[in-house]
Amino acid sequence: MAVLLTKHSKVIVQGITGNQGQFHTKQMLAYGTPVVGGVSPGKSGSSVHGLPVFDTVEAAMRTTNADASIVFVPAPFAKDAAFEALENGIKLVVMIPEHIPVIDSMDIVARAQELGATVIGPNTFGIISPGEHTKMGIMPNHIYQNGPIGVVARSGTLSYEIAFSLTNGGFGQTTVVGMGGDPVVGQTFISVLHHFKEDPDTRAVVMVGEIGGSAEEEAAEYLKSFGKPVVAYLAGRAAPPGKRMGHAGAIIERGRGTLESKEKALNQAGASVVTMPWQVVDALREAISG
Amino acid sequence: MAVLLTKHSKVIVQGITGNQGQFHTKQMLAYGTPVVGGVSPGKSGSSVHGLPVFDTVEAAMRTTNADASIVFVPAPFAKDAAFEALENGIKLVVMIPEHIPVIDSMDIVARAQELGATVIGPNTFGIISPGEHTKMGIMPNHIYQNGPIGVVARSGTLSYEIAFSLTNGGFGQTTVVGMGGDPVVGQTFISVLHHFKEDPDTRAVVMVGEIGGSAEEEAAEYLKSFGKPVVAYLAGRAAPPGKRMGHAGAIIERGRGTLESKEKALNQAGASVVTMPWQVVDALREAISG
Amino acid sequence: MKQYEYLAKGVLREHGIPIPPGRLVNNPGEAAEAVRDIGPAALKAQVLVGGRGKAGGIRFATNPDEARGVAAAMIGMDLKGYTVERLYAEGKLEIEREFYISVTTDRNKKIPLVMASLAGGVEIEDVDDSKIVRQWVDPRVGVLPYFGRELAQRLGLEGTLAKELADLVVKLYAIFREKDAELVEINPLAVVGGHLIAADARLNIDDSALFRHKTVEIIDEGSDLEKKVHKIGLAYVELDGDIAIMANGAGMAMATVDAIQYFGGRPANFLDAGGGASVEPTAQALDVLVSMKPKVIFINIFGGITRCDDVARAILQVKNTTGIPVPLVVRLVGTNEKEGVALLEQAGISAYSDMAPAAQRAVELRGGGRS
Amino acid sequence: MKQYEYLAKGVLREHGIPIPPGRLVNNPGEAAEAVRDIGPAALKAQVLVGGRGKAGGIRFATNPDEARGVAAAMIGMDLKGYTVERLYAEGKLEIEREFYISVTTDRNKKIPLVMASLAGGVEIEDVDDSKIVRQWVDPRVGVLPYFGRELAQRLGLEGTLAKELADLVVKLYAIFREKDAELVEINPLAVVGGHLIAADARLNIDDSALFRHKTVEIIDEGSDLEKKVHKIGLAYVELDGDIAIMANGAGMAMATVDAIQYFGGRPANFLDAGGGASVEPTAQALDVLVSMKPKVIFINIFGGITRCDDVARAILQVKNTTGIPVPLVVRLVGTNEKEGVALLEQAGISAYSDMAPAAQRAVELRGGGRS
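Protein chains in written order, with our numbering: chain A, 74 to 363; chain B, 74 to 363; chain C, 635 to 1005; chain D, 635 to 1005.
One thing to keep in mind: the hints can contain errors.
Below, in silico cross-link-like pairs of lysine-lysine (DSS-like), each with a Cα-Cα straight-line distance of 27 Å or less [stated by the list, open to error]:
| # | chain 1 | residue 1 | chain 2 | residue 2 |
| --- | --- | --- | --- | --- |
| 1 | B | Lys337 | B | Lys80 |
| 2 | C | Lys714 | C | Lys636 |
| 3 | D | Lys765 | B | Lys116 |
| 4 | C | Lys765 | A | Lys116 |
| 5 | C | Lys744 | B | Lys337 |
| 6 | A | Lys316 | D | Lys953 |
| 7 | D | Lys743 | B | Lys164 |
| 8 | D | Lys805 | C | Lys848 |
| 9 | A | Lys316 | D | Lys743 |
| 10 | C | Lys797 | B | Lys316 |
| 11 | A | Lys164 | D | Lys743 |
| 12 | B | Lys116 | D | Lys805 |
| 13 | C | Lys714 | A | Lys116 |
Hints in this document: simulated from the structure, not taken from any laboratory. Quick caveat: nothing in here was measured; it's all calculated off a predicted structure.
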């Protein structure tokens, strides 16, 4: 099984005719994702990789009964696209673009909560459920494998690194969820952990965090009643305060968001905290057997 | 029994230190209304008719556990007052002021729906439940009497006229609800009728409507499954198109909102429609016996 | 409150909605100058009445001299009872198609409503309902471009026009919110050279919201008499009968007008003396009724907040100063009824306690009767 | 992006928040003129660093001559690594009390946060938590005056100050929304003559929202090297070590920096070459690394969207043009790994497939080691 995304989803791609949209639609189809169509204003009637293109989400849903959408439109148009999906009843929206204004993200997330919809991202690599052969995102297809580990990460490439080492270490994944590197994103560690807690197939979880904010500290509180082994790896140990480490969210500001307090909180909550990404597999092996 | 407002309500008065606020607080107390306090920014510590005055609704609620509020502040500040009540958890808000911008009313009503709160008005005389000795509004105290008739009206003085003739004709009232004379108000005939339908003590209903909008036509549709006798009287028979008859909502615009279509719809729905206010009592007597 | 076309156009321009080149002209000289700058133009009377075109309120001029002549003929002319004081000179358009779009408030749904049609250029009431697309706005969400794309799709628009419409409806809704509009309408929304342009526009501002729009010029559209009563702060509508009416509360005033008509009389006016009127404005309003020289005056009061003795005092004040030279019928019940009735009786005025016989009596005194 | 104080103050003024009289001055003459008009004034260096006052960036002048002298001394001075180019001359205030207020985004709650304190005038981090009042904003509701009254009540303010604070917070939130602010802060929010006035202000605009604020001047606060890489469109942070680093993706770049430190090396920089970087920008970024004259260059790539052969091509391009005169360690796995590794091997560069030994090797080549 998997969390949030299964092979029963019906996925549309907003911005399907753009370079990114086309490329990743192809990758998603290759992986097995049930993509049913795409949206690109002014391009209705055309097709991308055999999928019908619509002018609006409304039209796409009428024809395809889609219930999930992945958004590839440029950041200035992302709020419009997200609301178009949400207002038309889409229940899972994956927001790939980076550089979406934080105020737009707040509006999107608040509205999604109101409508009982799930937003993943923005500035995320997406979500992938290897056992379901289904992904909504931009992650490479070949590094994942079906198995009992849930992964939740803030960062994309770093999560690839870890997912690949898990796969090579014999630990397949139920679902890998990218929260996104922005200050305001739809998911929290807690909301994703909660799904993993409920999922009987997920035996343990790997958290991939980083400096900035206090999402890890908040998650630590939740972990006390989580009941499954957790390995945590956090990036940004060597980062100086006041500097953004690529992600808009990865910044130690006014003394907040340091790795020290995060690791301390996670340790106290019983998570196995490792220092370097290549230590995750051994720690996981120990946590599960222990 | 009564609908929406009972003696168990705990009422605060927003704008209690103003002329209107003071006068009607006295009247409400005289009627028996459980008024527990008032709000008037900058006036905390003072008292009005023995009731404590607070700077904020928050403070008032902390001390009094109020769950209902009647708003007397001037129209430009009404949105602020309504949101203060709603955001602090007040579940029944009666908005007396007229001349509140329609856009403000839309925002208030939309937010109340979201929060599951009831807004009565704006531009209303309020609501009164004679059997409960409780009122939130500006209606005269002496014209009402406990009994089996529900009254729902758009207009104030006209509803007094009719309530008084009901009382004199031997028909007391469960609750009299003023919807308000503005284009956008919190209640519809339907929402109030629904409460009367559920109330076992309400045996029949008098609707007092007027030209403008199509609230009466919509109500007619609902009446088909209402199951209790209804007498309807509507004002504005002689009104020329394009002219506001006092209420911002009472206007025949672009051929819509005429009395003709309203009366026709209500007649077809089985209501007993009378032409003049003094005919209501006889029609009601007939409707109940028939 | 309706806004003149030139003001409505100005608001559209500020929000980036394309409008034809145009300017306000106050005299024939300015009209000539405008046509010299703009080229062939329509000269449009700036009056707040519908059907302006058919009534001769829109004329064309191809050169400055012609403009001077046309403007001279138009300025000062009477248009459906309004004197034309200013014109709006606007570049003539080669219109290919005429659409319609507006934002208003849906009273039943209590949210804003966008209406659009490809059959524009005529009053929207004259457009077949099947040709009108309605789309409602969630005020908590507002109008984002996708809303406009969905609208364009429902209308069957494609390509550039669909894109421009989607853009335009976002701006139109922004105007609706920012200006507290009751109505913002573009009709016709013209297609010129394959692009959308607002050929005519209406903007009505919510009277209750004028406190937020201090720079908006207050225009009372009423007759002189109506303006006079509005200045007292009361609601007043002139009707064409001869029985003058005063009542307290809008509903009561409407019912009173209805009652006079019911008994065969012809009401001269609607006057809401207010839900809690005091002596002075009531007396002022009564003065206005007297000045109308009606055949009868009917005062119908159900005292709630309004005190009957205050109303009686107002009547006596007018009686003792201006005088009331026509038959007066008074119905007076409710708060302080006894005091009020006593005051009137001292002055030889007897008051009714029921509305029906009072209204009937007023009609009888007129010398009419149910026909 | 941080805004200069004079710009932040301008935004406050536009929104009706009281600020002291002030103006921007570019030279001693203008400073003299400003003090002539305003009276005794503070001359404040317009630089984007904190603790400006303590570093000598705020000085006072009571008359024009003094102002000329002070300005001459300040303009061109170095303030924590920044050259002072402009001053803001601002009327001196007789401050009675100093408060603090700001609006930011609460990342965890995902909604705006208003923080206020009666203990202002110092950095908010230095204020005891018990003296800070926090109130969150529902973005669907916004900030209405009652929000400010509740805030004032929590702070224990009464009377005029409570009223002014309630009014101010509405405006401050409007700025936060309209300007896409990350932070809008008034500190100190001064009490002068019993009224609130914004004595100093900070406004940081969300970089991602700059497309909505076309008139905002883009200021890159970075070092020259940082600015150079930012212009290529990549994220770059200068660190103080000697092992230059390039990785793809922010998380990987952070982890790479961490790994170098883990093995006892000192990273010279953070460089995210992007999630799907193509040959040209990768080569440009590598050029910058070479220009830093580090002891070692470490390239750490996990190819997802990034293609390993593209990275290899970029390396070879730089090697064959600028040249890479220092030891180079490459770790290359993922998409098109074989092609990339083959290309590098042809040029005599061997690539690692695991991150740990690669990082360790880079540190070894530096000649350091875990200490």
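Against the structure, the hints come out as follows:
no.: 1; hint: B:Lys337 - B:Lys80; in the structure: violated (38 Å)
no.: 2; hint: C:Lys714 - C:Lys636; in the structure: holds (16 Å)
no.: 3; hint: D:Lys765 - B:Lys116; in the structure: holds (25 Å)
no.: 4; hint: C:Lys765 - A:Lys116; in the structure: holds (25 Å)
no.: 5; hint: C:Lys744 - B:Lys337; in the structure: holds (24 Å)
no.: 6; hint: A:Lys316 - D:Lys953; in the structure: violated (30 Å)
no.: 7; hint: D:Lys743 - B:Lys164; in the structure: holds (25 Å)
no.: 8; hint: D:Lys805 - C:Lys848; in the structure: holds (19 Å)
no.: 9; hint: A:Lys316 - D:Lys743; in the structure: holds (23 Å)
no.: 10; hint: C:Lys797 - B:Lys316; in the structure: violated (38 Å)
no.: 11; hint: A:Lys164 - D:Lys743; in the structure: holds (21 Å)
no.: 12; hint: B:Lys116 - D:Lys805; in the structure: holds (24 Å)
no.: 13; hint: C:Lys714 - A:Lys116; in the structure: violated (50 Å)
Against the hints set out earlier in the document, violations occur for numbers 1, 6, 10 and 13.
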